[in-house]
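The listed protein sequences derive, respectively, from chains A and B. 1 is the number of the first residue of the first sequence in my numbering; add one for each residue after it. 1 is the number of the first residue of the second sequence in my numbering; add one for each residue after it.
It should be emphasised that the hints constitute simulated quantities derived from the structure, not laboratory data. Everything numeric in this text was worked out from a predicted model, so none of it was measured. Cβ atoms here follow ideal geometry from the backbone N, Cα and C, with glycine treated the same way. Worth double-checking, as some hints may not be accurate.
Facing chain B, a subset of chain A residues (Cβ under 8 Å, in silico) [said to hold, decoys possible]:
| no. | residue |
| --- | --- |
| 1 | Tyr103 |
| 2 | Ala197 |
| 3 | Thr244 |
Per label pair, the in silico range of CB-to-CB distance [unchecked claim]:
| no. | chain 1 | residue 1 | chain 2 | residue 2 | range |
| --- | --- | --- | --- | --- | --- |
| 4 | B | Thr128 | A | Val14 | 49 to 55 Å |
| 5 | A | Arg332 | B | Gly11 | 46 to 52 Å |
| 6 | B | Asp8 | A | Met305 | 42 to 48 Å |
| 7 | B | Tyr6 | A | Phe243 | 27 to 33 Å |
| 8 | A | Tyr98 | B | Glu161 | 47 to 53 Å |
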Amino acid sequence: MDLLNGFVALANFVLIPAIAYGSQLALGALGVTLIYGILRFSNFAHGDTMAVGTMFAVLTTWGLQAMGVGLGPFPTALLAIPFGILGATGIVLLTDRYVYRFYRAQKAKPVILVIVSMGVMFIYNGFTRIIIGPDDQRFADGERFVISARDFKEMTGLAEGLSLRTSQVITVITAIVVVAILFWFLNKTRTGKSMRAFSDNEDLALLSGINPERVVLVTWLIVASLATVAGVLYGLDKSFKPFTYFQLLLPIFAAAIVGGMGNPLGAIAGGFVIAFSEVGITYAWKKVLGYLMPPALQPDGLMQMLSTEYKFAISFVILVIVLLFRPTGLFRGKSL
Amino acid sequence: MSGNPYQDDRGNTDASVTNPHGQGRLTPAGTQPNPMPGKQGPFLVGENMTGGYGKTGPDILHDCTIEVERGEIAVIVGPNGAGKSTAMKAVFGMLDLRQGRVLLDGQDITQLTPQARVRHGMGFVPQTSNIFTSMTVEENLEMGAFIREDDFRSSMEQVYELFPILREKRNQAAGELSGGQRQQVAVGRALMTQPKLLMLDEPTAGVSPIVMDELFDRIIEVARTGISILMVEQNARQALEIADKGYVLVQGANGYSGTGKELLADPDVRRSFLGG
Chain A
1 MDLLNGFVAL ANFVLIPAIA YGSQLALGAL GVTLIYGILR FSNFAHGDTM AVGTMFAVLT
61 TWGLQAMGVG LGPFPTALLA IPFGILGATG IVLLTDRYVY RFYRAQKAKP VILVIVSMGV
121 MFIYNGFTRI IIGPDDQRFA DGERFVISAR DFKEMTGLAE GLSLRTSQVI TVITAIVVVA
181 ILFWFLNKTR TGKSMRAFSD NEDLALLSGI NPERVVLVTW LIVASLATVA GVLYGLDKSF
241 KPFTYFQLLL PIFAAAIVGG MGNPLGAIAG GFVIAFSEVG ITYAWKKVLG YLMPPALQPD
301 GLMQMLSTEY KFAISFVILV IVLLFRPTGL FRGKSL
Chain B
1 MSGNPYQDDR GNTDASVTNP HGQGRLTPAG TQPNPMPGKQ GPFLVGENMT GGYGKTGPDI
61 LHDCTIEVER GEIAVIVGPN GAGKSTAMKA VFGMLDLRQG RVLLDGQDIT QLTPQARVRH
121 GMGFVPQTSN IFTSMTVEEN LEMGAFIRED DFRSSMEQVY ELFPILREKR NQAAGELSGG
181 QRQQVAVGRA LMTQPKLLML DEPTAGVSPI VMDELFDRII EVARTGISIL MVEQNARQAL
241 EIADKGYVLV QGANGYSGTG KELLADPDVR RSFLGG
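Produce the complete structure using the sequences and hints provided.
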């Protein structure tokens, strides 16, 4: 038994990747949950909004790299995030002006908006592919590791290495900062409170003189920003491929629903639940268990519950279980 | 509102993709932000109002007239389905008027949106969903003062003085309060805009008799500060006792009107609406 090596292996292969992935999902789920709470539908175009924002950020990154502008050890993409947000905001506001606003004026039922958002999803989908193509794009630069596995082994003399990538550290820090700002905004500012009031009771908000169009505008601004930040962080951590971003929709929705739709705190919790389940279930535990179990009980197989190809099944199963047994989510959300 | 395909959700109840909570139903009638010149007279006049819901719905109000003087309490009573709430909605601009007009302080506000009416000094407390349940009491009051640019802390202080229980519970979510306390929050929220006219749609619906008496006391107190009050009430007898003016609506038209005392003494009104 070797607890220390076991823990390092666990941290290296499960904890750190899951925390980074969970932060990305949480940011994505926050966007979904805000749209659900305020515009009252599930935005199926959210994955592709992330892709659009990230695409603008990637293009800007390439431009900056070509001009020789960089951030030293940090990825240049951090500088490009504001431009990505600008691009995503522009597209999203245009969509709202020419698509969603019509349905709001009709007081359309939310389920109609859900279908509308699917149409928007396909448009964004094509838009991204036309501009940047369907292929994998790498745009990460700067220092790759904060601690590489080899350095860690040399430093500690342990048999197991622990690698900590720059993108992972940046992801977690950015997520914390963004979430803190968002919560401060929603709970302390006048505009944030008016958004919560609008979400709670649209008619009464109207009677209090809150302008619905302004609430919607601010919501889209925030959602576009959250989507871009989440998308760029995911892209830095893995890579940017439009189809992957479209697929992220499932874990993001699962996270939002597991946490409780319409509840921002739930979205964050849900993001981590999904990320830890996904990484934990698709990880081959043989190595960690090898360190932790007495020799007689050591497993023969890989101890991998599901192969990584099935990772989407995990989000889906969790989603179904939550909807069956606790439809309001872990935190009291608004669904049902 | 039937016939609009966008409002047909084909029976969808899946709340995991659609949020049924708090969706708006109001269809503001007016379109203009500024009132037209009218004529001098009582503070609020709903003059010969005729109208119904939607563009094509049948008329519910028939030539109905309601007047409130400054600082007075006017009460609309009548049997179920007489159009009491509808008359109030017409005054507030949530109903298309086909005939007649609404005058506030000598200005014609018939074409104003409900929000613009709030800006011109009308406060409205709907019968149901009249508070932000997920927000704290204090946040509810803040949202009431949303249109105000100035410092509204003194108004909040006044509301807390009027309803001391709200000060105690000010950091509690309004949805966790009892029925009577919720009504206090609702009235407090409407008072935060510093209205000149407060409209209450059945403020005592669903509260206990003791709380009801207390609410009526508070309403009298509000009226004493110079705010006109227009109120729809189910509890006709008690409401007429505190009313300066009463209107008994019958099938959307003025049945009887007079001071509260006159109506209470009127044998016809007593027999038909007050149970003898």
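Would you pick out the hints that fail for this structure and give their numbers low to high? 3 and 5
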